[in-house]
Structures are given as C-alpha cells and as structure tokens.
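Q: Each chain is listed here by its residues.
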Amino acid sequence: MDEQTQVPPGLIHFSVLDEVLDLARANSLWPMTFGLACCAIEMMATGAARFDMARFGCEVFRPSPRQCDLMIVCGTINKKMAPAVATLYDQMPEPKWVIAMGNCAISGGPFVFPGQYAVVEGADKLFPVDVYIPGCPPRPEALLEGILELEKKLTGKRRWPVAPPQLRETP
Amino acid sequence: MSIEAKSIHRETFVINLGPQHPATHGVLRIKLTMDGEYIDDAEPIIGYGHRMQEKMGENRTYAKFLPNTARMDYVAALFNSQGYVGAVERLAGITVPERAEYIRVITAELNRVASHLLWAGAFLIDLGGFTPLLYTFDDREQILDLLESVTGARLTFCYYRFGGVCNDIDDEFVAGTRQFISRLRSRMPMYHALITKNIIFRKRCEGIGPITADVCRRYGGTGPVLRGAGVAYDVRKAEPYSVYPQFDFNVPVYPEGDCMARYRVRMDEIVESLRIIEQALDKLPAGPVMAEKVPRFLKPPKGECTFTVESARGSFGVRAISDGTDKAYRMKLRSPCFSNLSLFQECSRGMLLADALALLGSLDLVIPDIDR
Amino acid sequence: MTLAELTTRLQTLQGSTVTATDHSKQGVNLDITIASNVIPELARLMSEAKFALEAITGVDWLAEQQIEIVYDFTSYTSGIRVAARTRVSRETPEVATISDVHPGANWHERESHDFFGITFTGHPGLIPLLLPEDADFHPLRKDYGA
Numbered sequence: 001m002d003e004q005t006q007v008p009p010g011l012i013h014f015s016v017l018d019e020v021l022d023l024a025r026a027n028s029l030w031p032m033t034f035g036l037a038c039c040a041i042e043m044m045a046t047g048a049a050r051f052d053m054a055r056f057g058c059e060v061f062r063p064s065p066r067q068c069d070l071m072i073v074c075g076t077i078n079k080k081m082a083p084a085v086a087t088l089y090d091q092m093p094e095p096k097w098v099i100a101m102g103n104c105a106i107s108g109g110p111f112v113f114p115g116q117y118a119v120v121e122g123a124d125k126l127f128p129v130d131v132y133i134p135g136c137p138p139r140p141e142a143l144l145e146g147i148l149e150l151e152k153k154l155t156g157k158r159r160w161p162v163a164p165p166q167l168r169e170t171p
Numbered sequence: 001m002s003i004e005a006k007s008i009h010r011e012t013f014v015i016n017l018g019p020q021h022p023a024t025h026g027v028l029r030i031k032l033t034m035d036g037e038y039i040d041d042a043e044p045i046i047g048y049g050h051r052m053q054e055k056m057g058e059n060r061t062y063a064k065f066l067p068n069t070a071r072m073d074y075v076a077a078l079f080n081s082q083g084y085v086g087a088v089e090r091l092a093g094i095t096v097p098e099r100a101e102y103i104r105v106i107t108a109e110l111n112r113v114a115s116h117l118l119w120a121g122a123f124l125i126d127l128g129g130f131t132p133l134l135y136t137f138d139d140r141e142q143i144l145d146l147l148e149s150v151t152g153a154r155l156t157f158c159y160y161r162f163g164g165v166c167n168d169i170d171d172e173f174v175a176g177t178r179q180f181i182s183r184l185r186s187r188m189p190m191y192h193a194l195i196t197k198n199i200i201f202r203k204r205c206e207g208i209g210p211i212t213a214d215v216c217r218r219y220g221g222t223g224p225v226l227r228g229a230g231v232a233y234d235v236r237k238a239e240p241y242s243v244y245p246q247f248d249f250n251v252p253v254y255p256e257g258d259c260m261a262r263y264r265v266r267m268d269e270i271v272e273s274l275r276i277i278e279q280a281l282d283k284l285p286a287g288p289v290m291a292e293k294v295p296r297f298l299k300p301p302k303g304e305c306t307f308t309v310e311s312a313r314g315s316f317g318v319r320a321i322s323d324g325t326d327k328a329y330r331m332k333l334r335s336p337c338f339s340n341l342s343l344f345q346e347c348s349r350g351m352l353l354a355d356a357l358a359l360l361g362s363l364d365l366v367i368p369d370i371d372r
Numbered sequence: 001m002t003l004a005e006l007t008t009r010l011q012t013l014q015g016s017t018v019t020a021t022d023h024s025k026q027g028v029n030l031d032i033t034i035a036s037n038v039i040p041e042l043a044r045l046m047s048e049a050k051f052a053l054e055a056i057t058g059v060d061w062l063a064e065q066q067i068e069i070v071y072d073f074t075s076y077t078s079g080i081r082v083a084a085r086t087r088v089s090r091e092t093p094e095v096a097t098i099s100d101v102h103p104g105a106n107w108h109e110r111e112s113h114d115f116f117g118i119t120f121t122g123h124p125g126l127i128p129l130l131l132p133e134d135a136d137f138h139p140l141r142k143d144y145g146a
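Residue numbers (my numbering), protein chains in the order written: chain A, 1 to 171; chain B, 1 to 372; chain C, 1 to 146.
Hints are computed from structural coordinates only; laboratory data are not their basis.
On a predicted model such as this, the values are computed, not experimentally measured, just so you know.
The beta carbon of each residue, even a glycine, is placed where N, CA and C say it ideally should be.
Just so you know, not all the hints are guaranteed correct.
[As the list claims (entries may be wrong)] Under the rule of at most 27 Å between Cα atoms (straight-line distance), these lysine-lysine pairs were calculated in the DSS-like manner:
no., chain 1, residue 1, chain 2, residue 2
1, A, Lys79, C, Lys142
2, B, Lys64, A, Lys79
3, A, Lys125, A, Lys152
4, C, Lys25, B, Lys64
5, B, Lys64, B, Lys293
6, B, Lys302, B, Lys64
7, B, Lys64, B, Lys327
8, C, Lys142, B, Lys302
9, A, Lys125, A, Lys79
10, A, Lys96, A, Lys153
11, B, Lys293, C, Lys25
12, B, Lys327, B, Lys293
13, C, Lys50, C, Lys25
14, B, Lys237, B, Lys283
15, B, Lys299, C, Lys25
16, B, Lys299, C, Lys142
17, B, Lys327, C, Lys142
18, A, Lys152, A, Lys96
19, B, Lys302, C, Lys25
20, A, Lys96, A, Lys125
21, C, Lys50, B, Lys237
22, B, Lys327, B, Lys302
23, A, Lys79, B, Lys31
24, A, Lys96, A, Lys79
25, B, Lys237, C, Lys25
26, C, Lys142, B, Lys64
27, B, Lys299, B, Lys327
28, A, Lys153, A, Lys125
29, B, Lys327, C, Lys25
30, A, Lys96, A, Lys157
31, B, Lys299, B, Lys64
[Stated by the list, open to error] Negatives, chain C to chain B, calculated, CB over 10 Å:
no., residue
32, Leu3
33, Val38
34, Leu126
Whole structure, please, built from the sequences with the hints as guidance.
A: Structure representation (structure tokens):
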C-alpha cells in the first residue's frame, strides 16, 4: 500500500484488531470433512503423514458445516447432489471461504460434453468461490498452495515467498 | 406395518445418513428407519456421484474414453483401465506383448496394495481410530511414488494402452519396488500389533455384520466381501486373464463373514500381492511394451464381448458392443461396489447403528464407482 | 454343475437358443437367446444352479426399434459365465422382474429403468436410482438429446 491510499490512523484502531483477527483466521482454517469424488482422496493424503496440513493450521477437519469456515469442494458436483452442497454452504457460519479443488469443481472437468445431463459445470454456479486449484486431481502440494493463496487473500500478504518451480530432469 | 409395530413400544423414526456424512465415504445417502438405537430398515440411496460414464463410453472414441476409466474407482484406478483395455483388446483382437502384461500385473498389484492400505486407514477412522491412517498413508505414498515414476500420475492413472503400456519400467522402478516390498513386509507385524491385536478394534469387528455366502450369491457380492464369507472366488483364479496363471499365490478365505474376516482377507491380500509382484519382477521378460500395428484410430469389428478383472473391491466387468465405428455402441461397466452395497439393506436389519457403520466401512465402497 | 449339464437344462427352456462360446474371445461360456416371457423361469433355473447375477445391461437398437436386455450370470464355484439375452419392443419395453429370485437384480433393474425406460413388471419399487428422483428422461437411449 502506498502512502496516498493509506487511511490515517484513527482514535480507535479497529483495523489492527481486524488484522489480528484475519491473521488468526488465516492460520486456523477449519475445513469441512466433505468429499465428493477423486479429489477427496488427495485431500485425505494432504491431511495425512507426508504432506501434513497441520503445518498450516488447517488440519482440524470438522464433519459439521456449523463448525467450519472453509469448504473444499473436492470433486464433481452432480445435479442430484447440488442442492445438498448448496445447503452445506448455507449452513456454514460467516465468515466462510470456498476452495474449488480440481477441474470438476472449477468447470465440470472431463465430464462435460454437449448434451450432458448430470453434472453441474463448476461450483461457482452454486456459490462464490475464492480459490481455484486446477488439476485432475490436483497434487497435495497444489492444495497446500491453494490454502496459502487463501491465507494471502485473508491477510493481504503471503506466508513466505513463492519458490520457483524446480523441474525434475527427465531421462 | 403390523399392529404391534404401531404400538408405542415400537415407535420408529427416520434419519438421514448422508449424502454428506464422514462415515459414508463421500456422497452415499442412507435412509435409516430406526427403532431406538437399532436399525429397522436401511435403504441406501445412490446417484449423488453419477457422472455419465456409460454415456461417455458411447460418445467418445475408444482412446478418449480411456482416462475416464480411472475416474470411477479412483482408489484402484488401474483395475478399471485393465478391464476396459482388456475388453477393447478382445474386441479388436490385439495381442499384448508379454513384458507389457507383466508390467500390468506389477502396477495393478501395487495399486491393490495401495487401495487396501487406504481402506484400512479409512475403516479405522470409521471405527474411531485416527492414528492408523497416518501409518497406512505413509506406506501408500511409497507406492504412489513408484507408480508416479512410470505413470506420471498419483491417483488417476492412465497408463495402460490398447496393446500394452505407454511407458516401460526402468531399473530404478524395479529396485524401488523390491525395496518397498521388503519395507512393507517388515511393517506388517507392526500393523498387526497396531490394529489386528487392538482389543477395541476386535470388539467392534468380531461377529459384527455377518454376511453369508448365500447373501453374497443372491446379491452378486464379490471380492473381499465374498472371500470373507468363505467362498474362494477370485477372477484371477476362476477365469485367468493376463499372465496371472504364471504366478503362485493364494486366495485368502475366512469363513466367519464378519467385519474381522473382511479385514483379514484384505490384510492377507496385501501379502499375496507382494508375492505376485516379487515373482513378476523375478521373471520379467525383455521385449517391447506395446503391440505392433495398433491403429491410431481404433475401429474394432462388429461384435460383443465381456472382460472381467479382479479389482481391489471385487469383479469389475466391462461389456463392450462395437458396431464397427470408432466409438463403442454400448459400454456397460459393472462395478463391484454396486452389488456389494446392495446387500447392505438386508444385512444391516436389526443391527445397532454403530455396528452398521462398521459393516458399511468393511464393504470398502467407492461411491463414484457405484454411481459411475 | 458342469457346463454340459447346464447347457442341457437351459435347452429345456421354451424357445431358447444356447450357444457355447469361446471364453477367450467372448468372455462368457454360454450365450442364450430367449423370449422375454421366459426370463423369470430362466432366473429361477439359474438360482437353483447357484448362479449369481452379475449385471443387467440394456442395449438400445435404434435401427431395429428394439431394446435388448442382457443378464450376466456367474458361478462362484465353477467360474462359468452365462449371458442371457432377450429383446423387447422399443415402444413398450416390458419384461418381468427377477428381483424376487435374485434380490440383487432390484438395483440393476432400477438402473436399466433409469437409462432405457425398461419397465420391469412386478418390481417392488421402480423409482430412479442413479438419476434424480424426478427424472423423466432415459439418457442412454440412442435418440436422447438428438
């Protein structure tokens, strides 16, 4: 933020409180235990030993939407399931965020063809989405990156700098 | 409902389990009619993960449908590919080189081990124990590393092609697989100490959710569910496909039919799979991994055939009908979970709700495989 | 029950054509074509022979204006696979249910009803299984969406 857009400090510093709150929220996201399809397995893998989501404070998977503030839409939403997914979103208390994990949650993915009858073409047809993670399914690292991206959205700054991708040499 | 059922002592109520519930492994919904803590009727309602796989099998070319097969039973994706590729090869009359068949067996059995490990972790979560998941996923990640090095994917492998596999395995993979085999073998006693001998686990599984061989037959239940009911039926033995006849392996059978029997079948299958992989690595022949002269645009002649494989969950069958064009006329996908779940309604009657969830978990369901 | 015994018993069914097929080419050992009204009798016979129902497949033959229904049976003891097929008219596809003999057929029949609109008479509850509860379309018919 440059100086011109900076709001002069007021008598009561709610903004600081907000920042602290945002920081707290960003570092203790509670996702919902909610799997739709293939991506859910990668979400489980992210929560398990090797990738360990707990490093980012968001390992507290809650089965009840009332206790969650993060919905990871991991998988295909079909038309039979869509009302239930929308209800789950409505049941989550504010503030809440949504990560669309995988191509199905972004656009319907590989299941979209002209005249298709069963798939909702993207979670954003049902409710607003904050972070999109492409992949079919995305790797656990991608989900972690998506969570860091969401943290950035909450706090305004990134937890640590982006490392340039290290490509493995192919034989 | 009888007159007694209407009396005040037998007042039932209906609760919904799912479609979003941590114990239903995804998007399964079960309409439970409860008599207190006991189940009067449990009607599974499916279709919340229906993704038009059979329709897409008909309106995509054979090669374009191939990646879809990995997205049905994604926990054991290679078996679906194997079934589909096998059916199309049978239709088109393609012979697969022996090395490719060996590689298929090695990778598929690795996938079976990964699938059973994931099941063990998830089943224990259903029963209330979180820790085993961390151990099983640790081992599963080792398999995924191996498979990723040859297939390029971690979960939804699209590795088999009509006439072979798309990528040959190298010495690094062979060495890594041997290392993994000895690693997992040395860890099996740890799993038995952690899970099998755990008294809480035993109390939740032994004698719980009995499924008889006759119930399996009437509902078409296959896989570990059937073998846990004392029937030694395994497609790899009953209708040998690929190069399975060349390997020496046992079909684990436990006659009790309860959750513990199904658990034991799967744990023994892990050991048997490791044996198959080891033998396949020892005997691995040299040669090409793709059949020659497989047309780029496959147009199998008019005809119909089925191909059944023993997936990690039971018999996965494909019935393919070709009308001579580049797209299948009909692509029926018979998923094992579909039949395995259909017996739940009969078997769960009169059970405690908590026990029924153990039974549900022990069936090893993958919902998008049921709904397709 | 051996393959030969089964073949003889299946041949006793009214108007059945039993063909022994090459398992390595077709994936089944026996292929039976039968009239749709004999299906319940066939199901009883297969149940007595301790066969399990593997799947029910519908096939929409648009050019012939017919719908084919294929029943896949398998035996867990002998490993024999039998495919029984029957054809019904596309306008009014109707066949009797076999869910009273093979309870597993209940879901397979509901699925075929979803996809092809086949009516299985006597079925205890022919409501959509995979499609939404209010679905009134049959997506695997060849003229769907055309």
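Q: CA of C:Lys50 to CA of C:Lys25, is that 27 Å or under?
A: holds, 25 Å
Q: Given the hint that A:Lys125 pairs with A:Lys152, does the C-alpha gap stay at or below 27 Å?
A: Holds, at roughly 24 Å.
Q: Check whether the Cα positions of A:Lys96 and A:Lys79 lie no farther apart than 27 Å.
A: holds, 23 Å
Q: Quick one, are A:Lys153 and A:Lys125 close enough, alpha carbons at most 27 Å?
A: Within the cut-off at roughly 21 Å; holds.
Q: Is the claim that C:Val38 lies outside the interface with chain B correct, judged by CB distances over 10 Å?
A: holds, 21 Å
Q: Holds or violated: C:Lys25 and B:Lys64, Cα atoms, limit 27 Å.
A: Given pair C:Lys25, B:Lys64 holds - Cα atoms ~24 Å apart, limit 27 Å.
Q: Taking only the CA atoms, is the gap from A:Lys96 to A:Lys153 under or equal to 27 Å?
A: holds, 12 Å
Q: Between the alpha carbons of A:Lys96 and A:Lys125, is the straight-line distance 27 Å or under?
A: holds, 17 Å
Q: Within 27 Å, alpha carbon to alpha carbon, are B:Lys293 and C:Lys25?
A: holds, 20 Å
Q: Taking 27 Å as the top limit, are the C-alpha atoms of B:Lys64 and B:Lys327 close enough?
A: Since the Cα atoms of B:Lys64 and B:Lys327 sit roughly 9 Å apart, the hinted pair holds (cutoff 27 Å).
Q: Would the pair B:Lys64 and A:Lys79 pass a check requiring their Cα atoms to be no farther apart than 27 Å?
A: holds, 24 Å
Q: Taking only the CA atoms, is the gap from B:Lys327 to B:Lys293 under or equal to 27 Å?
A: holds, 19 Å
Every hint, counting from the list given before, is met by this structure.
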